[in-house]
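J.: Given two chains presented individually in distinct reference frames, assemble the corresponding complex, making use of the accompanying hints.
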Amino acid sequence: MDPVVKQLGDLSNADIRRYGRHLIIPEFGMDGQRRLKASAVLLIGTGGLGSPLALYLAAAGVGRIGLVDYDVVDESNLQRQVIHGQSSLGVPKIESAARRILDINPSVQIDKYEVPLTSDNALDILEPYDVIIDGTDNFPTRYLVNDACVKLGKPNVYGSILRFDGQLSVFYAKEGPCYRCMFPEPPPPGLVPSCAEGGVLGVLPGTIGTMQATEAIKLITGVGDPMIGRMLLYDALEPSFTTIRIRKNPNCPVCSIPADQVELIDYEAFCGMPSHDHVPNANGMLDLGVLAGVGQSAAAEAPIRSITPTALKARLDAGDDIYLLDVRNPEEFEIAILDGVHKLPKPRLQLAYEDVKSGRRALEDTVIADVPAGREVIAICRSGVRSADVVTMLRDLGYDSAKLANLEGGLLAWARQIDPAMPVY
Amino acid sequence: MPSIKIPTPLRIYTGSQTQVAVTGATIGEALADLTGQYPELRPHLYNGDSLRSFVNVFIGEEDIRFLSGLDTDIAETDAIRIIPSIAGG
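Sequence order for the protein chains is V and B.
Residues 1 to 425 (the numbering used here) are what the first sequence spells out, left to right.
Residues 426 to 514 (the numbering used here) are what the second sequence spells out, left to right.
Only chain B is shown next, with the shape it has when bound in the complex (with noise of 0.2 Å):
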């Protein structure tokens, strides 16, 4: 199954799990699936229906938007991983 790599300040809505192993073929499913066992991240990750302009998600080393958005195809042996902004120093 593909997995999604939960960054620190998100892991509090998803019961301190780093890692979310998730169904579907593409982000977009992968995401619903990963909102769907946490319905807590889903007001982090969204804005309606569209993600968040904060959220990073990237597919082994590529930026989504510069994929197919939501709409990218991904393998079962995929790490997605949302890459949250950060400030401290």
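Same shape as in the complex, but just chain V (with noise of 0.2 Å):
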């Protein structure tokens, strides 16, 4: 395929003495670097795919790297989010993506866009830049990416993961299939994690965001055939790649019409779930916007009931007769746990639930007949929001709503208030 970027940026001696081991390359050459230098990248979100991204990006010699986030360093992005460090923690992330990027190699321009990615914003972000990465961490964004480059007619280096799960590929209109064509709509909340809540792999993200900074610098400099029209399937486990192949969709409801008619739409609407990952961090902060209610699976018109751990502790002690239900994940029932617990993991019980609510089951037939509809249940989670929407939903197939309460923080409030030796994730 052609290069993405035809101008030539001026090399210097000292670019000549750094950039020395791709100017030999046959394919690649003074050309080649002469095109990423005068290239500019954005990259969008600077967490897992961001971290080697930008790392390597700045390393290769891209002249201008924009980078799109609005979180700050948290201790649990450490495992994977290599760009940042220890001394970051609190620090706004494309702040301290920055200070690495210019120690790694001063002379790139980089641009900071602190901002969520909107509607509104994302044409005028995008505009300027020649490839668009997408390293974000949730669907509506994505989709969102997507319909942006469509219109503006820019490649989209797509990598995604989860658990042990990586995928690649670079959605590009002008030359093939966009990411509807292949994901036309997005699955429904709750069934697929995200990373904050399903866990990821800390390389992982090295795996995928390395190879998506090599797509990148093929598509900037025209060096061998980019992954347009395919797409790599890592698993972690076994090990394995696997191709697939990416058709365009003649239907596409985005790159299958003229590109000035593409509308960016409502993405939080459409995916019914909020663009970012965000859940309350080992401290117990509430990052912006989880408690919105925005992709909660069921209605939550009334407000539920909800108890402190302080009270729900007293009521214990008192004897109280209390059905406490953890709806968290196996896995996360051997971090640590209350005692006296029943475990229903919430991904079972929504489904039980929706099976329910479309006459596919009797509730009688379902795991959610172990719940007593007598007794007060009290749901617990992590941090208080799964075990919310399990409130609401039990509310919905009718059980009492003055006997439903949610453990307000989950465990990490209980940690904090109760128990701080309980270990806290």
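For the record, the hints were derived by calculation from the structure and aren't laboratory data.
As the structure is a computational prediction, the values presented were derived from the model and not from experiment.
Cβ coordinates follow ideal geometry from the N, Cα and C atoms, glycine included.
Errors might be hidden in some of the hints.
What the hints assert, rightly or not - Computed from the model, here is a short list of chain B residues facing chain V with C-beta under 8 Å:
id, residue
1, Tyr471
2, Asp474
3, Ser475
4, Asn481
5, Phe491
6, Ser493
7, Gly494
8, Leu495
9, Ile508
Unchecked claim - What follows is a set of in silico ranges between Cβ atoms, one per label pair, in the way DEER data are often shown:
id, chain 1, residue 1, chain 2, residue 2, range
10, B, Ala504, V, Ile418, 47 to 55 Å
11, B, Gly473, V, Ala373, 28 to 36 Å
12, V, Pro423, B, Met426, 25 to 33 Å
13, V, Met1, B, Thr451, 14 to 22 Å
14, B, Gln462, V, Leu89, 26 to 34 Å
15, V, Arg247, B, Gly473, 53 to 61 Å
16, V, Pro128, B, Thr448, 51 to 59 Å
17, B, Arg477, V, Glu331, 45 to 53 Å
Unchecked claim - Negatives, chain B to chain V, calculated, CB over 12 Å:
id, residue
18, Val445
19, Ala446
20, Thr448
21, Ala450
22, Thr451
23, Gly453
24, Ala457
25, Asp458
26, Gly461
27, His469
28, Ser478
29, Glu486
30, Asp498
31, Thr502
T.: Put into structure tokens, the structure is as follows:
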């Protein structure tokens, strides 16, 4: 394919010393390096994928790097977001990333966008860049990035990770399919966990992010065949790399129409979930918007009852008859757990809930039947978000809302108020 | 027997099985066998009798939407995969 970057930057003698190992690759040479120097790349997200991307693209000599992120560095990021370090805790991620980029390569021009990417600002933010790299952590932003790239005619280097699985592709509507050709609609809210909910092996974004960096460099320089019309699937456990073919959908709602007619929509509404994967961190700090109720699986018109850890402790000590329902996933039970809880992971409960609501199964035939209707039920999870969803679902199924409550702040709050020795995660 | 590779988000419904051996001469029959073995999977894959639009099923490197959909013939040695939408970064 023709190089996306037509302009050739000028290399100084210092550049030639620095990039010598590129310049002597026959396919790459002076032209490749000069295109990199003239190139502008936008990284959406400076987290797991954005870390290796920024490190390697800066080192490789990309002239201008835009960073979009409004998060601050949290302790739970450091297991995989290797551009940030202990000394950056609490610092905005783009500041932390910019410091590291400039240490690696002081000649890089860095543009910082410390804002959420939205339908209102996406076109303006993406416009100046040759290549867009999607390293976000949520479905709404992925659809937004795709649609904005289609509208602007820009290549979108896609990488996505969960647990031990990774995906890589280049979506470039001018040359092949877009993200929506492969994934016309998002999965229903609650089915696919984010990394914050489902976990991710810390090395995995390194594997996928470095491959995204490679694809970006190939697009910029025109070297090799970019991963257009194909997707690489990485299974770290087997381990295996599998390539599948993605075809352009002739009826794609976005890339089959003239680019100037593509409209950016409300992507949170489209996906039924918020455009971030924040959950409260181990210090119990609630991140932006997490309680806004967006994307909750059951309608939450009326507020649900909640109980503080202190109040729950007092009631348990008094010997009150309470059915404690822990809705976390099995792996989480191993980390920390309250005595005497009944375990019912939210995904199983939600599936049963949906079956009952749609009439596929009677409540008595599902796992929900174990939850007693006559007793007081207090739902528990890590931070109080999933358990609030569960309380809403149970109420919706006819459980007496006066006998349902959510443990406010979850086990994080319990550890702070009642049991400081309990490990938090 | 053909086998179906189960993506991470759906493994909670297959008792953590990553690969399930199935019987059937078509994709539709193979998926019916899979959801017979693991009934909790069915609502995640189907809306009534048709596959949900976010469910991507591939044989080898090909999307069954561009073959014959659920009527696509399969061979004993075919590797079928359900490709998940994941969004982590």
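J.: Decide, hint by hint, whether the structure agrees.
T.: How the hints compare with the structure:
1. Among the interface hints, the one on Tyr471 of chain B is violated; its C-beta lies about 11 Å from the nearest C-beta in chain V, farther than the 8 Å criterion.
2. Taking 8 Å as the C-beta cut-off, the interface hint given for Asp474 of chain B is violated, the closest approach to chain V being about 13 Å.
3. A least Cβ separation of about 13 Å between Ser475 of chain B and chain V goes past the 8 Å threshold, and the interface hint is therefore violated.
4. A least Cβ separation of about 7 Å between Asn481 of chain B and chain V falls short of the 8 Å threshold, and the interface hint therefore holds.
5. Hint status for Phe491 of chain B relative to chain V: holds, with the closest Cβ pair at about 5 Å, below 8 Å.
6. A least Cβ separation of about 15 Å between Ser493 of chain B and chain V goes past the 8 Å threshold, and the interface hint is therefore violated.
7. Because the smallest distance between the Cβ of Gly494 of chain B and any Cβ of chain V comes to about 14 Å, over 8 Å, the interface hint for this residue is violated.
8. Nearest Cβ of chain V to the Cβ of Leu495 of chain B: about 17 Å, over the 8 Å cut. The hint is violated.
9. Below 8 Å, beta-carbon pairs count as interface contacts, and Ile508 of chain B has one with chain V at about 7 Å; its hint therefore holds.
10. Taking the beta carbon of each, Ala504 of chain B and Ile418 of chain V are about 51 Å apart, inside 47 to 55 Å as hinted.
11. For Gly473 of chain B and Ala373 of chain V, the Cβ-Cβ distance of about 31 Å falls inside the hinted range of 28 to 36 Å, so the restraint holds.
12. Judged by the Cβ atoms, the range 25 to 33 Å given for Pro423 of chain V and Met426 of chain B is violated: they are separated by roughly 44 Å.
13. Between Met1 of chain V and Thr451 of chain B, the C-beta spacing of about 37 Å breaks the proposed range 14 to 22 Å.
14. At roughly 47 Å, the beta-carbon separation of Gln462 of chain B and Leu89 of chain V lies outside the given 26 to 34 Å, and the hint is violated.
15. Arg247 of chain V and Gly473 of chain B have their C-beta atoms about 25 Å apart, which leaves the hinted 53 to 61 Å range violated.
16. Range check, Pro128 of chain V to Thr448 of chain B: Cβ separation about 55 Å, and the 51 to 59 Å hint holds.
17. Roughly 27 Å separates the CB atoms of Arg477 of chain B and Glu331 of chain V, a value that falls outside the hinted 45 to 53 Å.
18. Every C-beta of chain V lies more than 12 Å from that of Val445 of chain B, the closest at about 15 Å, which supports listing it as non-interface.
19. Non-interface status of Ala446 of chain B relative to chain V is upheld: no Cβ of that chain comes within 12 Å, the nearest being about 16 Å off.
20. The claim that Thr448 of chain B lies off the interface holds: its Cβ sits roughly 23 Å from the closest Cβ of chain V, which is beyond the 12 Å cut-off.
21. Taking the minimum C-beta to C-beta distance to chain V, about 23 Å, the non-interface status of Ala450 of chain B holds against the 12 Å cut.
22. Listed as a non-interface residue, Thr451 of chain B keeps its Cβ farther than 12 Å from every Cβ of chain V; the least gap is roughly 20 Å.
23. Here Gly453 of chain B stays apart from chain V, with its beta-carbon at least about 19 Å from theirs, past the 12 Å limit.
24. For Ala457 of chain B, the requirement that its beta carbon stay farther than 12 Å from each beta carbon of chain V is met, with the minimum near 16 Å.
25. No beta-carbon of chain V is positioned within 12 Å of the beta-carbon of Asp458 of chain B; the least distance is around 19 Å.
26. Distance check for Gly461 of chain B against chain V: the nearest CB is about 15 Å away, which clears 12 Å, and the non-interface claim stands.
27. For His469 of chain B, the shortest C-beta to C-beta distance to chain V comes to about 7 Å, within the 12 Å cut-off, and the non-interface label is violated.
28. Here Ser478 of chain B does not stay apart from chain V, with its beta-carbon only about 5 Å from theirs, under the 12 Å limit.
29. A beta-carbon of chain V is positioned within 12 Å of the beta-carbon of Glu486 of chain B; the least distance is around 5 Å.
30. Residue-level check passed: Asp498 of chain B sits 18 Å from the nearest beta carbon of chain V, beyond 12 Å.
31. No Cβ of chain V approaches the Cβ of Thr502 of chain B within 12 Å, the least distance being about 16 Å, so the stated non-interface status holds.
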